[in-house]
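Peer 1: Just so you know, the protein sequences line up as chains A and B, in that order. Note that our numbering numbers the first sequence so that position 293 is 293, with each residue one more than the last. Throughout, our numbering is defined as the position within the second sequence, counted from one, plus 1000.
Hint data in this document are derived by calculation from the structure and do not stem from the laboratory. Here the structure is a predicted model, which means the values were calculated and not measured. Among these hints, one or two may not hold up.
Quick list of in silico lysine-lysine cross-link-like pairs, PhoX-like style, CA-CA up to 20 Å [what the hints assert, rightly or not]:
| id | chain 1 | residue 1 | chain 2 | residue 2 |
| --- | --- | --- | --- | --- |
| 1 | A | K369 | A | K17 |
| 2 | A | K209 | A | K278 |
| 3 | A | K369 | B | K1037 |
| 4 | A | K316 | B | K1017 |
| 5 | A | K254 | A | K209 |
| 6 | A | K243 | A | K254 |
| 7 | B | K1037 | A | K316 |
| 8 | A | K21 | A | K31 |
| 9 | A | K31 | A | K227 |
| 10 | A | K227 | A | K241 |
| 11 | B | K1017 | A | K17 |
| 12 | A | K45 | A | K541 |
| 13 | B | K1051 | B | K1017 |
| 14 | A | K21 | B | K1037 |
| 15 | A | K31 | A | K541 |
Just some of the chain A residues that point at chain B, by a computed CB distance under 10 Å [as the list claims (entries may be wrong)]:
| id | residue |
| --- | --- |
| 16 | E19 |
| 17 | N210 |
| 18 | L313 |
| 19 | K316 |
| 20 | R317 |
| 21 | Q364 |
| 22 | G368 |
| 23 | K369 |
| 24 | D376 |
| 25 | I380 |
| 26 | G381 |
| 27 | K383 |
| 28 | R573 |
| 29 | I574 |
| 30 | G577 |
Virtual Cβ for every residue (Gly too), placed ideally from N, Cα, C.
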Amino acid sequence: MRRYFEKMGDVGRELRKGEVKRTEENVSALKEVEAEVDAAVERVKTTGLSTEKINERGQMTVWQRLEYLVEPGTWCPLHTLYNPLDNPEDTTNVIDGIGKIGGKWAVVIGFDNKVFAGAWMPGQPENILRVTQVSKRLNLPLVWLVNCSGAKLPDQEKFYANRRGAGTPFYRHAELEQLGIPILAGIYGTNPAGGGYQGISPTVLFAHKNCNIAVGGAGIVSGMAPKGHFDVETARGLIDKAKEFKADPPGTVKTHYDETGFFRYVFDEETEVLDALKDYMSEMPAYAPRFFRVAEPRPPKYPEDDLYRVVPLEPKRVYEFEQVLARLVDSSEHTEFRPDYGPEVYTGLCKIDGFLVGVIGNRQGYLGKGYPEYGDYPGIGGKLYRQGLIKMNEFVTLCGRDRLPIVWIQDTSGIDVGDDAEKAELLGLGQGLIYSIQQTDVPMICVVLRKASAAAHYLMGGPPANRHNAFTVGTAASEVYVMHGETAAVATYVRRLIKEDAAGRPLEPVVDQMNELAQQYQDHSRPVYCARYGMLDEVVKMSELRRYLVAFAGAVYQNPTSICPHNHMILPRIIKG
Amino acid sequence: MDQEMLAPLAGQVLSIKCAVGDAIEEDDEVVVIEALKMETPVFAPCDGTVKEIRVKEGDSVEEDDVLVILST
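Bound-form chain B, shown alone (with noise of 0.2 Å):
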């Protein structure tokens, strides 16, 4: 099963940190979002293997942007 991980709030990829086909356990930080100076961790939801990585550091999202996705 597919699992997406979506951008919390609009800004600017920070860090990405993970790559595709790495085994990612839940509450592992695997992108950082920043926005209003702030640094905004997203934590896997659950224990799984990245499919697909679908932004990249630097890029801008929006909130609910699909940023990674899992499977688990």
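Isolated chain A, as found in the complex (with noise of 0.2 Å):
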């Protein structure tokens, strides 16, 4: 099959004189969005106690614990700056990713030591059923950092219970070791309660000396004694036996190494705790990448920087979709199907680090004389119609029957509305594409590159209705919302206008709350604020993308649950005919 794959087909082009001067102004902007990305993570970086101080008593922070756990380079976070409940400390309380450990990629999680010991927190639970989502999905060990004192106690209502409260990770933990995927935990500190689920649940537990797990702690145990209220006797009481329990919590490693041996390993230093981690790890079940890969892994022939330049900032400025693939896939090559329909969509096989992929995106700008066939007007790329529903089915379809791992590249307005497109079926193929999507089960990335809009983002491998995405991404550009700002102040007020210009009134004040609409949606769509409240998984930096998208291809082929060999791929041979 190397005349399929190790030679494709040229995309992209170097850019410009004139197009690299008359970009300047929008390298500038998404650099400034990037930069209140980057401010937003700082303070989910510096939240909570200084990193002197947790050094000082003898801890690393889990960001210490990270940096020395994961291979340089290879760090993919996720989840950084949400916050779905607002907590005022600007976290969940988890900070995770994906990363290379041992020389295999694996899901990396870990409790912020520095905020109230590691709590439990509001958004916790939901941030750890996305972590673990993503080990399922790309078959994935787990890696956990426990450093958690278990619930944050003024705050229970808003985690404790409910369907997805703080004990879903447990069964989840469950769930991905009958899969075949291994959690390991490295345990620091103090964990009672909650905490010590979150110790015992995992598959292998590698202990600091001056850790613990227990059902409940010492804080528990000392007030276990109550006569209904509280008063000076009773306060005296719990000062003592708090004492008492300090100096000797329950589960040290003298009970669960000595006596349970639910510890399988004890180590002195906090370092030592994740070299045998790496240890771990390497060991873990993984083809060689050459097993997978189709060709040599190459860098793109155009440098990923000139993302700044290809992609606009402002939404309703069109660019060359291919411009964009050239500057993420190896070599800038790829092998497209169907270019002769559906023009408003790019489907085609590329290169990630010499793995193959499916990638999907929306091409951007006037589609041609004729387009779409069954309508009398114009049709505009970023909008989804007949043929591009159609070639979309049938890619992920055959994708799915190669074991082809689909990287969709949004920037979608949505699909084509009124009685033509009622009858061109595309509200039927608009579902039937979340059906194809289903029935692949191969994992998918998401990359919100500029609009996620209507129900295109559904059905264009969002999150919402995929259940095979594994994470998304988003970018400086971003925006996020069932439809834009001044569509949906239309849509909202537009009877209201009618109405009171009927009665003689005046439209100002409708008009003042059309503005305040259309700036709330503009407001609610931005980068931040989409990663905060999990629209995307992160926002990544132009110059990064790729680098997730190696990550995903090396995770997606590191140990599939699935093949298809090479020489039985049916996809190549339909595009080359």
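Build the complex: two chains, separate frames, hints provided.
Peer 2: This is how it looks when you write it as structure tokens:
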């Protein structure tokens, strides 16, 4: 199959002098948004106690542990800004991402021991569910850095119970284990109650000498003699008991290494725990990359930094999708599927780090005379029409058949509307695409390059309607909303305008409300907001997008649960004809 | 030699980025057309001088209408 993959067709071109000249402002504008994202990330990194304070206690911070654990240059953080329940600490108190440990890709998650000693906090269960989903979808080991003081008690009603409460990670751990996905846990510090279950629920436990895990910690045990109310006498009793338990808390290594054996290993130094995790990770089942690679990995021919010039921040501006693709894929090469059909959508095979992937993306701009073929109006890229929907249905189905992971690159304003579009069956073809995606059972990544809007966000591999979506990244240009704010303002207020006008009342108050709604849409669709509320799993710099794709492809092909031999693939042959 | 710059699609002229007599370089943005809620820029195909501008902002244009003539 070398002839199909070693040298594929060229895509893209160098930027012309004029393009470089006229895109200076766009570069600055995108980098300005990226600086806002950086500032938000910095707030998460510096929340809670200082690094110095933690180090003075003889502990490393979660950030220091991650830096020691993960191979340099491979860390792809996820959910850094995720904080759906607006914790004032700017975090759900777990830090996660994918990276290489001991030469193998893993999903990594750790409690931030700078904040309430790594407590459970509102939004954290949903964060952990997302993380376990990444592990499950990519079939990657999950590595925990447990350092969890249990529930942040004053906020318990926001996360303790419920269908997606703080207990759900534990059945998800069990579920991963049933699927053959191991969970390794390095355990530090005091982990009572919820922290205890965070400690015991993984597969193999690596303990630091000063750690403990327990059904109930010193705080609970010392408080187990209530009179039904508190008085000074009770308080003094509590002080004495707490001191006693602090000196010798339940569930130390003396119990869980020497007695129960829950801790498989105990180490004197914090770094030794991490060394042991690296050691175990190096022995995790994984194919050598050459088993699946179709060619030697090569960088794109054109600089990734060009993306700051290729992708306009202004959502109404058009650009060439092929110029984006050429800056993300190996050697800037591809093999396009049905280039003469459904021009609003790109579908094709590309290589990422030598691995074969299917890529689907929205083209932008005018689609030419006579398209869409069913309407007497012009078609414009970003929208989806009958042919594009049919083409995507075919392509994802064939990717599923050939076991090819799919990279979705979204910049879509929605599906064509109107009676012509209804007669052209777009409603059914859209849902048909969701069905096609569901039956592929291959891992997918979604890149919200710019607009993610209307049902098109769902059916183009977006996370709301795609259980094969491993994660979704956005950029400084990302906007996620059901429709553009101005469109929403019209839809909401047009009847009111008519009514006010007919009654002879002034329109200004309604117009003000329309502007307010449009502004609200703008504020609630920007990258930091989307990452905070989970619409994007991470906002990634334009120049870092390829690194995430490399991580995704490497992770998918590390230990897949099913294989299509290269020599049995049908999609490359269908394209060749 | 004159070089005609044509409208790539039907729409409304949103902005004109040049004046008669301006020296233009290849790939400079000369006109922006708005259609279907999207802005489509029209770029100079080569270096030249703006000889004539056939449209004004707000005009409706059809595909292939002449927008600007460059002297090259």
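Peer 1: Confirm or reject each hint.
Peer 2: So, going through the hints one by one against the coordinates:
| no. | hint | in the structure |
| --- | --- | --- |
| 1 | A:K369 with A:K17 | violated, 30 Å |
| 2 | A:K209 with A:K278 | holds, 18 Å |
| 3 | A:K369 with B:K1037 | holds, 18 Å |
| 4 | A:K316 with B:K1017 | holds, 17 Å |
| 5 | A:K254 with A:K209 | holds, 9 Å |
| 6 | A:K243 with A:K254 | holds, 19 Å |
| 7 | B:K1037 with A:K316 | holds, 7 Å |
| 8 | A:K21 with A:K31 | holds, 17 Å |
| 9 | A:K31 with A:K227 | violated, 60 Å |
| 10 | A:K227 with A:K241 | holds, 16 Å |
| 11 | B:K1017 with A:K17 | holds, 18 Å |
| 12 | A:K45 with A:K541 | holds, 18 Å |
| 13 | B:K1051 with B:K1017 | holds, 14 Å |
| 14 | A:K21 with B:K1037 | violated, 25 Å |
| 15 | A:K31 with A:K541 | holds, 8 Å |
| 16 | E19 | holds, 6 Å |
| 17 | N210 | violated, 60 Å |
| 18 | L313 | violated, 13 Å |
| 19 | K316 | holds, 5 Å |
| 20 | R317 | holds, 5 Å |
| 21 | Q364 | holds, 8 Å |
| 22 | G368 | holds, 9 Å |
| 23 | K369 | holds, 7 Å |
| 24 | D376 | violated, 12 Å |
| 25 | I380 | holds, 4 Å |
| 26 | G381 | holds, 8 Å |
| 27 | K383 | holds, 8 Å |
| 28 | R573 | violated, 36 Å |
| 29 | I574 | violated, 32 Å |
| 30 | G577 | violated, 31 Å |
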